[in-house]
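Protein chains: 4
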Amino acid sequence: MIETPVIMLNVKAYSESMGAKGLELARACERVAESTGVSIALCPQQTELALVAKEVSIPVLAQHAEAFAPGAHTGYVVLEAVKAAGATGTLVNHSEHRMKLADIEALVARAKELGLCTVVCTNNITTSRACAVFEPDFIAVEPPELIGTGIPVSKAEPEVVEKSVKAVKELSPSTKVLCGAGIGTAEDVRAALELGADGVLLASGVVKAANQEEVLLSLARGAL
Amino acid sequence: MIETPVIMLNVKAYSESMGAKGLELARACERVAESTGVSIALCPQQTELALVAKEVSIPVLAQHAEAFAPGAHTGYVVLEAVKAAGATGTLVNHSEHRMKLADIEALVARAKELGLCTVVCTNNITTSRACAVFEPDFIAVEPPELIGTGIPVSKAEPEVVEKSVKAVKELSPSTKVLCGAGIGTAEDVRAALELGADGVLLASGVVKAANQEEVLLSLARGAL
Amino acid sequence: MIETPVIMLNVKAYSESMGAKGLELARACERVAESTGVSIALCPQQTELALVAKEVSIPVLAQHAEAFAPGAHTGYVVLEAVKAAGATGTLVNHSEHRMKLADIEALVARAKELGLCTVVCTNNITTSRACAVFEPDFIAVEPPELIGTGIPVSKAEPEVVEKSVKAVKELSPSTKVLCGAGIGTAEDVRAALELGADGVLLASGVVKAANQEEVLLSLARGAL
Amino acid sequence: MIETPVIMLNVKAYSESMGAKGLELARACERVAESTGVSIALCPQQTELALVAKEVSIPVLAQHAEAFAPGAHTGYVVLEAVKAAGATGTLVNHSEHRMKLADIEALVARAKELGLCTVVCTNNITTSRACAVFEPDFIAVEPPELIGTGIPVSKAEPEVVEKSVKAVKELSPSTKVLCGAGIGTAEDVRAALELGADGVLLASGVVKAANQEEVLLSLARGAL
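Residue numbers (our numbering), protein chains in the order written: chain A, -16 to 207; chain B, -16 to 207; chain C, -16 to 207; chain D, -16 to 207.
Hints are computed from structural coordinates only; laboratory data are not their basis.
One thing to keep in mind: the hints can contain errors.
When chains are identical, the list treats them as one kind, so a pair holds in a single copy or across two.
[Unchecked claim] No more than 30 angstroms apart at the CA atoms, straight line, and that leaves these computed lysine-lysine pairs for DSS-like:
1) K152 / K37
2) K4 / K146
3) K66 / K95
4) K37 / K66
5) K66 / K146
6) K149 / K37
7) K37 / K138
8) K83 / K66
9) K149 / K191
10) K191 / K37
11) K146 / K37
12) K66 / K138
13) K152 / K66
14) K191 / K95
15) K4 / K149
16) K66 / K191
17) K152 / K83
18) K152 / K191
19) K95 / K4
20) K146 / K83
21) K138 / K149
22) K95 / K152
23) K138 / K191
24) K152 / K4
25) K152 / K138
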C-alpha cells in the first residue's frame, strides 16, 4: 500500500505540527511527493488523523493504535477508527509509546484482517527479529539513544541497519525495514538505502526545521 | 463555555460512531441542539476531533488528553492539540481511562491556562470531593458499577448525586456536576437535574440506539 | 539451575498462600520434592521472596521483576534484588503482568549476566516464537482463556503445546518449554510431558486445593 | 501505630540496601531508634519485607501496594500480603510509583479496614489537599524537583511545608504530615519539625551515605 523507498514522517505531539501548521505540513509533504515522485507517508497528530487523511492524497498513518476491538474504550484509538478515518495504517510500539508483546502480536494480526499497514518500531537487532515473527509490513529500527540527536543510525551504527535488515528478512522476507533515529539529511537517506533499508522514519529533523518543505525536498532527493 | 444544563455525549470507541456514522451522529447532535435550544456537547472519536470540530457548531471535547506539554510524545494527545483541533475542552480521568492523581491536578491547571474546559470523571463521593480541590469546570460522577447498564445513578443511588453535588460545591462552588452512568431517557435527565446536577454525561444510551437522533431529542426534552 | 521435568508453582497474590500459610506451602513443596525426587520450583508472594528462599532448599523464583537497574525505583523489584533475596530467577511477562517487548528483551539479557533463570510466559505459538528469539531458560505457554479454568491446555489444545515446543526449539534449542493454564492432575502433567513439554506451570490447582500437599504429591507422581 | 516525630527511611531499589546490606541497614535503624528513643520506620526492598519485619522490632512498611483484593494478580503486592508479612503499613503513590486517583482512594479505605497505616506521597499543596480528603494516617509532601538533590524542601521552599501542613489539617485534622525530598542532616529534620511537620521521609541521604548508621544517628538527634 505504501510504495518504497519511503520517507515516513512522524509529527509526534510537537507544537510545530498542530492545527493550521499541521495541515500546512501535510500539504508540503504532498507537494514534495508529487514534484519528486518519491513516496512520502505522514503520521499527523492523532486528533487530526481524519481531517488530514481527507485533505491530502499521500498515505496517512496513525501514530499509535490499541490492540482491542471497538467498544467502550474512552480516549483510545482502535484500528477500526484508523480505517474509518481514511488512514492507511499505523505506527506500532514507537519508543515513546512502547507496547506489550502480546498486544503487538494481536495488533499486527488484526491490522492484516482489516487491510491496514503496520510499521512496528524496534530498538535493536534482537527486538527486530522478535517482531519479524509477526510479519508486519514494516519494521522501523530506532536505537533509542539516537532519537532526536541528529546523529543518524546509518552513520553511528551502520551495522545495526545492515544486521537488522538481514535478521528481519530471514524470518519475514516480505517485511520492509525502515531506518529511524537521527535522520536529517539527503545523505542520511541515501546511506540508509545503501545499507539495505527500504526507507526512513523521521520526526524532529523535519518538524523542527526552519523551512520544513525545503528539508523534505532535500530528503526526497536523497531517495531518488 | 459550555452552557448548562448540558447533555454531554461520549461516543467512546464504538463502531457505531466512527467515520461517516460519527459525522452523522455529530450532525444529529447539532440539529437537536438547534431545534430544542438545549446545550449538547460531543466527545467524538479522538481521531475525528479536528474534523468534527470543523463540521459542527456545538461544543466538541476530546475524550482524553495527557498532562504533559507538546513535544516528543508519539501517539499521545496533548491539550495544545485539543485546542488546535478547535475543541472546547476534554474529558479527564474517565473510568475507562483513569489517570494518576498528580496528572489530573497538572492537567486541570494547564487547561485553565489554555482556556480549555475540563470534565473530570469520578467514581464516588469521596473522589468527587478530592477532584473538587482542583476546581475543574465540571465533575461527572459515574459509579462504575452502573456504566453501560441502563440503570441511571439518579434512580439507583439518588443520594450519590445529591451528596456529590453538595460535596463538590462545598470545596469548589464554581464547579458544575454532571450525572453519569446509566442515563438513557428523558426521565433520567429530569431526575438528574432535580437532584441538583447541571447535566448528564452519557454514551451507549445514544450511540447504541437504533435511532440515535430520536433518543437525543427525547433526552433534550428532559432538560427543558 | 532448575532440573527438568519441573513442576513450577506460582502462588500469585492468593490469600491462601500468604504469611504462615505461604511458608507452610513452601515447606510442603520441599517435602514433596524430597520424597519423590521430582524437581519443584516455587514463586512465593513477592514480599516473602527473601524469607522463603532462606527457609527452603528448593529453587525459588520471583513472580515478576523489572528490566531496569537498581536505583531510585520505589516499590519495584529489580533483578539484583531477586538475586540478593537468594532466588534462582523470575517469571517474566505473566499474563497477569504483561511486559513491553523491549523490556522483556532487556530483562532476559540482564538476567543472563546476573546468572538468573528466566521463565517467559506467552499466550500463543506466535508470541512463543517471538520470545524464543531472546533465548530465555524457559518459555511457559499459557493460552489466557484457559488460565484458572481447570481445563489443561494439554487436553483442550494439545496441538498448541506440540507446536509451541517445536517453534521454540527451532529458534532457541536450549530453551525449555513449560505447559501452563489449567493444570491440576497427575494426568495433566503426564500429558504435558508426553507432548514434549519440560514441565508445567500452575497456580490455583494447588493453592486453592483443600489439601495442597496431597495435590502436589499427585502432580509430582505424574512427572515420574 | 507509628509514633511521631518519625524518621521514615525508604530504601527504594538501591543496591546499597539489598540482601545482607539491607538487613544490616534495618538493624542500624533499630539500634539508632533504641539508643535515641526516636521513632524510626523503614521501607525495605519489597522482596525483603517479610524477612526484615521478622528480624527487627521497629515499624516496617511496604514501598507500594495495590488497591485490589487478594487473588490472581501475579507479581503484585496486595495489602493483605503486607499485613501477612508483619508490616505496619505502606507508602502510597510515591513519586516513582504514582497511582491513579481512584486507586489511592480505594487503597487508603481498604488499609483502614485492615488496620494498616498509609503514607500517601504528594507533590505539591494542591495534591496534598486532595489526598487529605481520603484521611490517610500520613501525607508526605515531596516536591519532585527536589528528590535526591540534597536540597531539603524545608530550606528551598519552607512555605510549601507550612502551607501543606495547614491545608492537610484543615480537611483532615488527624492526618500527620511528613516532609520529604532532599532531607540529609539533623538541621533539615529540625527545620521540618519547626515548620509543623510530624517527621521526615528520606532515602538516598541515608542509603547512599558512606556511614549509614552515623547519618541515621545524626538525623535522629535532629528529632530530639
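How the hints compare with the structure:
| no. | hint | result |
| --- | --- | --- |
| 1 | K152 / K37 | neither (34 angstroms within a copy, 44 angstroms between copies) |
| 2 | K4 / K146 | neither (38 angstroms within a copy, 43 angstroms between copies) |
| 3 | K66 / K95 | within (12 angstroms within a copy, 34 angstroms between copies) |
| 4 | K37 / K66 | both (12 angstroms within a copy, 20 angstroms between copies) |
| 5 | K66 / K146 | neither (33 angstroms within a copy, 33 angstroms between copies) |
| 6 | K149 / K37 | neither (37 angstroms within a copy, 46 angstroms between copies) |
| 7 | K37 / K138 | neither (37 angstroms within a copy, 44 angstroms between copies) |
| 8 | K83 / K66 | both (22 angstroms within a copy, 25 angstroms between copies) |
| 9 | K149 / K191 | neither (32 angstroms within a copy, 45 angstroms between copies) |
| 10 | K191 / K37 | both (24 angstroms within a copy, 26 angstroms between copies) |
| 11 | K146 / K37 | neither (38 angstroms within a copy, 45 angstroms between copies) |
| 12 | K66 / K138 | neither (36 angstroms within a copy, 39 angstroms between copies) |
| 13 | K152 / K66 | within (28 angstroms within a copy, 38 angstroms between copies) |
| 14 | K191 / K95 | between (33 angstroms within a copy, 27 angstroms between copies) |
| 15 | K4 / K149 | neither (39 angstroms within a copy, 44 angstroms between copies) |
| 16 | K66 / K191 | both (29 angstroms within a copy, 20 angstroms between copies) |
| 17 | K152 / K83 | both (23 angstroms within a copy, 23 angstroms between copies) |
| 18 | K152 / K191 | neither (33 angstroms within a copy, 45 angstroms between copies) |
| 19 | K95 / K4 | between (32 angstroms within a copy, 23 angstroms between copies) |
| 20 | K146 / K83 | both (24 angstroms within a copy, 23 angstroms between copies) |
| 21 | K138 / K149 | within (18 angstroms within a copy, 39 angstroms between copies) |
| 22 | K95 / K152 | both (19 angstroms within a copy, 27 angstroms between copies) |
| 23 | K138 / K191 | within (21 angstroms within a copy, 39 angstroms between copies) |
| 24 | K152 / K4 | neither (38 angstroms within a copy, 40 angstroms between copies) |
| 25 | K152 / K138 | within (22 angstroms within a copy, 36 angstroms between copies) |
Violated hints, in rising order: 1, 2, 5, 6, 7, 9, 11, 12, 15, 18 and 24; the structure is consistent with all others.
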